[in-house]
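Since the structure of chain A is provided, determine the placement of chain B on it from the hints.
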Amino acid sequence: MIWLLIVAMGAVVFLNRYAFLEPRLPLRLSSNARQFLGFAVPGMLTAICGPIIFMPGHQLTLSLFNPYLLGSLVAIALVLLTRSVLLSMLASMLIFFLLRSWLA
Amino acid sequence: MPSPPVARQAFVHGAIASLPLSLAVAPWGLLAGSMAIEANLSPLQGQGLSAIVFAGAAQLVAIGMLKGGANLFSILLTTLLLTSQHLLYGLSMRPVLSGLPARWRLGLGFLLTDEFFALTSQHDQQQFNRWYALGVGLTFYVAWNLFTLAGIVLGQNIPHLDRLGLDFSIVATFVALIAPLVRNVPTVVCVAVSLFCSVLFSHWQWETALVAAGLLGMAAGFICLKCWGGRA
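Quick note, the sequences are listed as chains A and B, same order.
Numbered continuously in our numbering, the first sequence closes out at residue 1039.
Numbered continuously in our numbering, the second sequence closes out at residue 664.
If we strip away everything but chain A, and leave its shape as in the complex, we get (with noise of 0.2 Å):
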């Protein structure tokens, strides 16, 4: 059952990124489909952080003095100015240890 799963995602995965290199493939996204698309990496990745930064431990966690909170709001402050992702992550990473091991 856990191979099946872990091959068939593979499967999957591998066809969303192969799918377009495909020289025989004629078919054109519409382009509502790819504006529709277009907003996959900020809605999905928002997706994905959404609980990790607000419910930390499966606990619905609405206080500022969330290192999670902070962290990300740190992050987006340093991307923003410096426009360095690396920078901004390891910056916002290092702060966020710091402000979880004195929030702890």
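Hints should not be assumed to be uniformly reliable.
[Said to hold, decoys possible] Using 20 Å as the maximum straight-line C-alpha spacing, the simulated SDA-like pairs for lysine to any residue come out as follows: (1) Lys658/B to Ile937/A; (2) Lys499/B to Gly480/B; (3) Lys658/B to Asn616/B; (4) Lys499/B to Ala968/A; (5) Lys499/B to Gln637/B; (6) Lys658/B to Gln970/A; (7) Lys658/B to Ser966/A; (8) Lys658/B to Ala968/A; (9) Lys658/B to Ile987/A; (10) Lys499/B to Leu939/A; (11) Lys499/B to Gln994/A; (12) Lys499/B to Ile937/A; (13) Lys658/B to Arg969/A; (14) Lys499/B to Ala943/A; (15) Lys499/B to Gly992/A; (16) Lys499/B to Met936/A; (17) Lys499/B to His993/A; (18) Lys499/B to Glu470/B; (19) Lys658/B to Ser965/A; (20) Lys499/B to Pro991/A; (21) Lys658/B to Gly973/A; (22) Lys499/B to Gln477/B; (23) Lys658/B to Leu609/B; (24) Lys499/B to Met990/A; (25) Lys499/B to Ala471/B; (26) Lys499/B to Trp938/A; (27) Lys499/B to Val942/A.
Bear in mind the hints are in silico, worked out from the structure with no lab data behind them.
Same frame as chain A, now just chain B:
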């Protein structure tokens, strides 16, 4: 086709270019490996996820859903939706990749991650070098699998690796990738709806919380775009 030394040089350049992102993915790889163990997968299955699926977000979400007792179909549907941005990457890289021989198309297609796309998509047909791209993709693949292995080993020896807050590295990475995209009203609406719904649906313990929230966010952004024409 470049001569062998030129090919090797391009491969090494690609490998070096992908080192920062390959290292930044370490906490996440550790998490993917240790969470697989935590969810009662065998070490081989944990490694198999990284070796065969090779998609961090989809792996972690699938492991989480598996732990929550979700069925095969809903996990696959979530995987499909979570990795649908790769359709756009493929479409965008179609001009440089679709003309390559089948083994290169299949190989580079397998390695087409967010990070791979970020490092190779700015090259046009003249600049694009398949060996450089292979260097980027393979380095990232090897790093991801090594960190997963480290996570599997640590996860078996250090209990509750999942409580160290390693999952913040996902948030840090995604936030850093999303924030620069939020430049117009439809994207703001998309992110806001997706964020609110993902927390609300997760609080309600919906099995399909992430998919539903992501789709609602995408739909909200799309409707906004249609109504306002994407004006800032």
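Hint-by-hint comparison with the structure:
no., hint, in the structure
1, Lys658/B to Ile937/A, "violated, 42 Å"
2, Lys499/B to Gly480/B, "holds, 17 Å"
3, Lys658/B to Asn616/B, "holds, 13 Å"
4, Lys499/B to Ala968/A, "violated, 33 Å"
5, Lys499/B to Gln637/B, "holds, 13 Å"
6, Lys658/B to Gln970/A, "holds, 9 Å"
7, Lys658/B to Ser966/A, "holds, 12 Å"
8, Lys658/B to Ala968/A, "holds, 12 Å"
9, Lys658/B to Ile987/A, "violated, 31 Å"
10, Lys499/B to Leu939/A, "holds, 16 Å"
11, Lys499/B to Gln994/A, "holds, 17 Å"
12, Lys499/B to Ile937/A, "holds, 12 Å"
13, Lys658/B to Arg969/A, "holds, 13 Å"
14, Lys499/B to Ala943/A, "holds, 18 Å"
15, Lys499/B to Gly992/A, "holds, 14 Å"
16, Lys499/B to Met936/A, "holds, 14 Å"
17, Lys499/B to His993/A, "holds, 13 Å"
18, Lys499/B to Glu470/B, "holds, 9 Å"
19, Lys658/B to Ser965/A, "holds, 14 Å"
20, Lys499/B to Pro991/A, "holds, 16 Å"
21, Lys658/B to Gly973/A, "holds, 13 Å"
22, Lys499/B to Gln477/B, "holds, 14 Å"
23, Lys658/B to Leu609/B, "violated, 24 Å"
24, Lys499/B to Met990/A, "holds, 17 Å"
25, Lys499/B to Ala471/B, "holds, 6 Å"
26, Lys499/B to Trp938/A, "holds, 15 Å"
27, Lys499/B to Val942/A, "holds, 18 Å"
The earlier numbered hints that this structure contradicts are 1, 4, 9 and 23.
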